[in-house]
Amino acid sequence: MALYSEKVMDHFRNPRNVGVIEDANGIGEVGNAKCGDIMKMYLKIENGIVEDVKFETFGCGSAIASSSMATELIKGKPVKEVRQLTNKAVAEALDGLPDYKMHCSVLAEEAIKAALEDYQSRTGISIDE
Amino acid sequence: MIYADNAATTKMSEAAVRTMVSMLEEGWGNASSLYSHGQRAKEILEKAREDIAAVIGAEPREIYFTSGGSEADNQALRSAAAFGRRKGKMHIISTAFEHHAVLHTLKALEKEGFAVTLLDVHENGLVVPAEVEAAIREDTCLVSVMYANNEIGTIQPIREIAAICKEKGVLFHTDAVQALGHIPVNAEDGFDLLSASAHKFHGPKGVGFLYARKGVPLTNLIEGGAQERGKRAGTENVPAVAAMAAALQETAGHMAENAAHMTAMRDRLIEGLKQIPHSALNGDAEKRLPGNVNFCFEGIEGESLLLLLDDKGICASSGSACTSGSLDPSHVLLAIGRVHDVAHGSLRLSIGEDITEAQIDEIIAAVKDVVTYLRGFSPIWRDLVAGKKEFIL
Ligand SMILES: Cc1ncc(COP(=O)(O)O)c(C=O)c1O
Ligand SMILES: [Zn+2]
Chain D
23 MALYSEKVMD HFRNPRNVGV IEDANGIGEV GNAKCGDIMK MYLKIENGIV EDVKFETFGC
83 GSAIASSSMA TELIKGKPVK EVRQLTNKAV AEALDGLPDY KMHCSVLAEE AIKAALEDYQ
143 SRTGISIDE
Chain A
86 MIYADNAATT KMSEAAVRTM VSMLEEGWGN ASSLYSHGQR AKEILEKARE DIAAVIGAEP
146 REIYFTSGGS EADNQALRSA AAFGRRKGKM HIISTAFEHH AVLHTLKALE KEGFAVTLLD
206 VHENGLVVPA EVEAAIREDT CLVSVMYANN EIGTIQPIRE IAAICKEKGV LFHTDAVQAL
266 GHIPVNAEDG FDLLSASAHK FHGPKGVGFL YARKGVPLTN LIEGGAQERG KRAGTENVPA
326 VAAMAAALQE TAGHMAENAA HMTAMRDRLI EGLKQIPHSA LNGDAEKRLP GNVNFCFEGI
386 EGESLLLLLD DKGICASSGS ACTSGSLDPS HVLLAIGRVH DVAHGSLRLS IGEDITEAQI
446 DEIIAAVKDV VTYLRGFSPI WRDLVAGKKE FIL
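Protein chains in written order, with the numbering used here: chain D, 23 to 151; chain A, 86 to 478.
So here's chain A without its partners, still in its complex pose (with noise of 0.2 angstroms):
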């Protein structure tokens, strides 16, 4: 099997299953309990949050453990959100392509009376950070723009997004759920909320945190006892934690060298996949991750695509309608101005740190090999190739 899924999780590493079943066995006490059992949990804890920020430049006290990157991201947005309402300042930006925790989040924000703003990401997949410093207005409480993008890949202009924030005075949140581990983030990039989750970084699922810069003023969504400085109620899950910063440690430490492979891998891939007439790159060719192709192929369904691939031993995924259980397909590949006949026929390949170059060629093979075997019963590509209709790509 070539598991080529890794946006939409990750396997844990070595490392992080030992830390997990180690402290399923020996860190099982509650961290707020007094004896030494209990406060042997609490070190475990505490150790994992230090560990956390250092790798990403931040102070212990900035990390607020969650059940992952949907919960970061609500808990941001609803943060900020409630900062605002304070001030009297109702208006968020965000981007049309963000994740759905972050959008579905926005649309119960306006019915609870904000303004929403949703940036262009163009056809290149990158916000502009000019149009985000145009957007902001004397009542914007909050900018969110995911800080890579989870379809895509695309890398967003952070560091730029949060100088202008900054200047401005206004908040500014960024989900970093696709990007940490992967690519470097660091607190000094001037954000003041970041949403992560362990899962796509080689942890467990059901377990991230989100970073509040210190003095930001955060809402709970669970209300209880006095875990996470009061922010976050509920019994720690340490074992998840632990292991979250196991993983993180594991592949901040060999980031340079695996980004430098996959990056390799990556655009390997996007060459070998270019030679299929009539498809197309989605998302910047430079300013991605180095794990995400994301293509679209004239005249073809991404479901029966996907599901060709499994029986070939591929995993990947597709922003279809079909594959995503409503009408409408991906979102995101709507956002950058793909039309829903192509949107349909897009596949996303999110490679791993371990993937080889007989790999990626036998991904190049396999896709092609499905792509010209559904062309061949597919009635608009009959169409186009009849000249009774234009290609789009």
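The following block holds chain D by itself, in its conformation from the complex (with noise of 0.2 angstroms):
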């Protein structure tokens, strides 16, 4: 039995959206280093979609695969539906992770929720619409 599904092992080998969006106008970090997986969000946010989303990860595959799949799943979607985003979407879309790395995946559905609040409170455009 291999530790992490297919899925999260391609995310984590060749991670989708990894680095850096100059003129981000939503920036999101959570979790620290004290326990041991910490994430950074970029968003660009144009008429209320997301036209682009990159991350950085410092963390363990799962941290690193869930990072991954969150940004393809937010890439293109209105703010309302990304707002809806759930770890538990994120873990199913890479067929589950191990129990005990559940956490890491909290971590990206905090990390696009703080881009998002970064966002309305350097636009002034609310994201409860």
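Just so you know, these hints were derived from the structure itself, not from any lab. All the pointers check out, no bait thrown in.
Which residues of chain D face chain A? A partial, calculated answer using Cβ under 8 angstroms:
id: 1; residue: G41
id: 2; residue: E51
id: 3; residue: A55
id: 4; residue: I60
id: 5; residue: K62
id: 6; residue: T79
id: 7; residue: G81
id: 8; residue: I86
As the structure is a prediction and not an experimental result, all values here were calculated from the model. We put the beta carbon where it would ideally sit given N, CA and C, even for glycine.
Put the complex together from the two separate chains, hints included.
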């Protein structure tokens, strides 16, 4: 039995949307070095749509794979849909994570939420509509 | 594949496999039976006891076979504690970076009323004998200090500590699971109790032994038949014990040449990894096991490092939280003062006797690649490089 599903390993080995968006209008960073996983999400939102998303992650295999999968799930989507993203959806899209690794997928959800809030406070545009 | 996780377990030697298979075929009798087939098993068992005793300069009757290192640690501590309790001595001294087989037993003993002092192991991962002496109280019944640490490989001043304990009349236990077969270990060192495990020296898993100096009273963990002089019940796993003896004789027989080769390879690996910026060796550079290399790399996390090394055919381990399944990184790295941020980025490479220079160079190149790659999208690394955070290493 492998530690992770093939999907997880694929996203871990070839993470999608890695990097930085220089003119991002929503940035969220969650986690801390104490617990071992840190995720940073960069969003470029235009007309209520997440036009671009990139991430940087310090963390384990499932943290990197969750970040990568989460970016794929939200890219090109309207903000109000993105707001609904749950860590369960991220984990399911990865064909599951080991129980003790679920907290890593929670970080992906939280990083996106933090980035949306940052967008709201920068632009004054509500993310609740 | 380059197997660099010999501190986790080792491959059985050919001699050990051969012995085990032939004993499974011939020596399968019950060593307690009186007919000759059973007595043959008994002979094999006792021959193994003699061979093992000879390697560590002990008497055969001082060797008690167990299911491995964990059981031996548990029994050593429980025996000394029971002896102490009978004399009203309920204080135990150990160290902050022992194996969990020791630390968790101490936790249990604390709940049963014992007081435990865990000594500092300092930045270099070494216990200071004078601090052992200073910690000994009137009511101290046991000092337990591992021979060599399983994560950072540091070799402790066992003889000095044993001499202090002897003078103070306190029992001294050492967990020699990582040391035996790799560096000289002998009853002359002065320990009263010692734990060993076969699978760390090319023997089978699930077998080990407890050495107890003559006169040290043992307490049973497992009650039942009269095996092991009544101190450890259960029909003996004769093939595994015989294979353990064969493995130990072989590693001990080649110890000097193996250690010379491995030390040279270890130091080449350390030199190579030091070239990676913002990295640091964990544990003393000299007083360490010939096969142990342990580094921290700032800005990256250990599990992703291990997975990518695995993709390159290299087996290693890490003390990061995400590899242990808990939120805290290795207690050993924390004990030598590594902060969480850095401890998560640790890598242990424990090389074997047959490692080659070409393999060492392959490991160095692979680790450099992977560390650089992971730093490339680490938000911590970005902040460090941008000067928003200060480098620790
Ligand atoms: C220092 C130390 N003590 C005890 C043990 C436990 O040995 P075993 O796996 O044989 O129970 C180990 C092995 O992981 C070890 O490294
Ligand atoms: Zn994680």
